[in-house]
Amino acid sequence: MPDSYSPQYVEAAWYPWWEQQGFFRPEYGRSSVSAPNPRGIFMMCIPPPNVTGSLHLGHALTNAIQDSLTRWHRMRGETTLWNPGCDHAGIATQVVVEKKLWREQGLSRHQLGREAFLQEVWKWKEEKGDRIYHQLKKLGSSLDWNRACFTMDPKLSAAVTEAFVRLHEEGVIYRSTRLVNWSCTLNSAISDIEVDKKELTGRTLLSVPGYKEKVEFGVLVSFAYKVQGSDSNDEVVVATTRIETMLGDVAVAVHPKDPRYQHLKGKSVIHPFVSRSLPIVFDDFVDMEFGTGAVKITPAHDQNDYEVGQRHGLEAVSIMDARGALINVPPPFLGLPRFEARKAVLAALKEQGLFRGIEDNPMVVPLCNRSKDVVEPLLRPQWYVRCGEMAQAASAAVTRGDLRILPEAHQRTWHAWMDNIRDWCISRQLWWGHRIPAYFITVNDSAVPPGEDPDGRYWVSGRTEAEAREKAAKEFGVSPDKISLQQDEDVLDTWFSSGLFPFSILGWPNQSEDLSVFYPGTLLETGHDILFFWVARMVMLGLKLTGKLPFKEVYLHAIVRDAHGRKMSKSLGNVIDPLDVIHGVSLQGLHDQLLNSNLDPSEVEKAKEGQKADFPTGIPECGTDALRFGLCAYTSQGRDINLDVNRILGYRHFCNKLWNATKFALRGLGKGFVPSPTSEVRAWWVVRWAAPTWVTPLPSPHQARPLPLRSLHVAGSTGHRGSLRHCGPPAQWRGRPFLAWATTLGTWWLLWTHLLESRLPVVPTPMGLWPLLLGTWCPLADRLLPPHKPGGHESLVDRWIRSRLTEAVRLSNQGFQAYDFPAVTTAQYSFWLYELCDVYLECLKPVLNGVDQVAAECARQTLYTCLDVGLRLLSPFMPFVTEELFQRLPRRTLQAPPSLCVTAYPEPSECSWKDPEAEAAFELALSITRAVRSLRADYNLTRIRPDCFLEVADEATGALASAVSGYVQTLASAGIVAVLALGASAPQGCAVALASDRCSVHLQLQGLVDPARELGKLQAKRDEAQRQAQRLRERRAASGYTVKVPLKVQEADEAKLQQTEAELRKVDEAIALFQKML
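Our numbering puts the first residue of the sequence shown at 831, with every later residue one more than the last.
If you're looking for bench data, these hints aren't it; they were derived computationally from the structure. None of the values given here were measured: they were computed from a predicted structure. Any given hint could turn out to be false.
Straight-line Cα separation of at most 20 Å, PhoX-like style, residue types lysine-lysine; simulated pairs [said to hold, decoys possible]: (1) K1044 with K1202; (2) K1301 with K1312; (3) K1906 with K1896.
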């Protein structure tokens, strides 16, 4: 075994072996996934990452949580499926391949043509598309790769077509012309999640694709419209941040109660550049307090204006084409790019004397996160999903409790979104994606007038073109040969196929074994930022198309930020690549990554400074296990995680502690060590169910002593409640029958139910289950329930560590069930570090080196149990290092599973060693140890083993202190540890500390330190403390302190003063002690 832990060494080979052995498949260990499993089923699908994606901390957090949960459920014996998949990422993939095509061949996609371009995309996908899968494997994600799905696979594509056609036939999907988020660079509509909102505090120049010069944003331009027919040269002043859109104005709106404009009811203003007058409309949406209280209305280019236009029957005049060039406007503006037109309109307003001013204006600029273009609201005919009824059903599912959303704080957001939902635009003007299975109809019959795009009657959907033709012919009452069809060029929004993911991956709409077993799923785990964009749509589409919720619970984790709470941004230099944390990277390596990014040169230096401040020596190698454990430890049920890489490094040191502890333990166990077949040496039990019911232990088949059995729990000599037992029979009885019979059908049913709940691998006899009722021998495997209470040779520290291990098992299972990952990691970290390593292993050294072989063997069995159970506890979080260490342990039985990841997770029923008496007794030893260590630190006794005298308040405490004195001697590195007789005084020259309210610790200093020298040091320390205390008192007594000084500073000053005064008291006690020693 290598001397120290190396992540690179440990993580090199385990994953391929796990995958090769099929441990991650739900079929492992069972005949089929549909085979009954009393432990239940756990199914979760991965939030499919983009095929263009690379690992980032969001992925790392998501997969650390999901894999920990998956491994925990798998180890509990459930039929477990974590289904991988990848999203085709329409916009992102098309952009990547377009850039590649231009860079390598100098061609645009339009020059290449649609079919040839799609062939290029598929070629890129085959070459580069599995990169994210390799990175997920690097994280240890135990996904069933045999079931990996790609959203453009034939199976999933068929599901998309089926869903569209069904929803279109029901009228849930319809065609309409509405405002959409439009990227002029991509020439496509984009979803809200693909829009970044850049906040500006005032005038700002931004780079926009397609423009050589930066464009001005963050200003409010005021200009005047002249009132039509006014003799007094009356005018209405309006203001806008997008002055170019005034060319599409069709009205001016004011508030109905604004007294400034009451005289303008029924009047219009004159547009200076186009031949139309603009009516003045009165609408409640206008804010009278903002600006002049008058608002220009451009329905074709603003959502609020569009709604005003709908209310007042105003025409929507589009003034931009798909590329952002101006249309439907007069020269000289016609054909100008939109931001060139911005300058031209401003100049024309000034020329006509209509310009009224410009001022800084804080605002939010919407940017396409793919193209970095400024998003433009444009009117376009698109396909929409009617969401109202589906949203009501999704909201009701949460209200009824059928769907749980955790943390529960997110339920309010869920209901708010569902109550205010808008119809969903699902069209995208791309080539890569699921082409919409809808066809525009042309009827070659003079009796049928030609249709227009927005008219839904002239659109038909079909699973095939032939099906669509038949439907169209039936709709118009003509023969199919008179129907001409033109398939829509657009593709579906990526979120549409993602919304079908939980059931499309299982073969829907076709019935399959996987669909019947794994749908609905158990859990959906993801970040709270896509609760609406993905989770809500899965729920809505699942209910609509399958009649079932896609999962029973949704757990939403927090968003990762940097150590200072800032959003991770390349421009700040605080973006952390998980692979850099796993493998480590130098500061220069971080700088080089910036140079290869798409940052502006002006931002690179700023980012470098950020990296230098946060990672002055780079990022050290931490390994996958430490990263996973650290991310889960951070995952409190809040909205943000402030990630400090130094804390991850601390968990890498924790891995090293595990390594060294196991290495020490293996040496202590010795080469010839054989662990007991179960966690304890236990008796062979035969259970008889009767009235009353009895338990009979059989050391041999012919010797028996009845003990009462209460209900379904063992009592009597076992001393604690537990389940039925069959533990370690003599070799000749191993694997032989377990006798159980009942006098009534009711008690038989209770017995059989209990056996199933206890995970007993029952092998039916030819008579089936009836032998249990009839009193016949029924063969069972040699693995029944929890370990027997220790048999009397265990020491106090053995009992204590088992009790603490029991608590760690309880907290781990409880935390997993509640998704309280910090509680689980804290319990496991504390057990391993503070209890096993810092206490038990230290107490074990003299036992293993001693002459009492019975005590040593018992300690070895306890130590093995701690390692066995402790590694199983940690395995879901730290799969690599725990597998490496587990494989070095001897096995209890030859039938033990080959890998830790398919070994049973420790459960309270297995680890029922809770021992309050032992914990209370040993807590006194720990309290005394802490007191001794504190005194040693105070007096700098690091290399000396001073004698220790314990002053107790009563005989019981004295007896207990005597019993634990040997442990104190070991743990506190003390010399003699003696308990003083009641009323006796400690020797002269002792420092005193309180261990508990019934025990004081006296540490002998006489002869170990130079009193005169210590007095000199203490006096200097006292003088400095007095000066600091005096300064604080004077500061707090100054005039106006309570008024002028912030409350937080006042509280800090008070805390400093209290700390200084406490230090003074401690110094005075030490001075008094050393003066006595002179």
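Hint check:
Restraint check for K1044 and K1202: satisfied, since their Cα atoms lie roughly 13 Å apart, inside the 20 Å limit. Taken as a hint, the K1301 and K1312 pair is honoured in the structure, with Cα atoms around 13 Å apart against an allowance of 20 Å. For a cut-off of 20 Å, the pair hint linking K1906 to K1896 stands: about 16 Å separates their Cα positions.
Violated hints are absent here; each numbered hint is respected by the structure.
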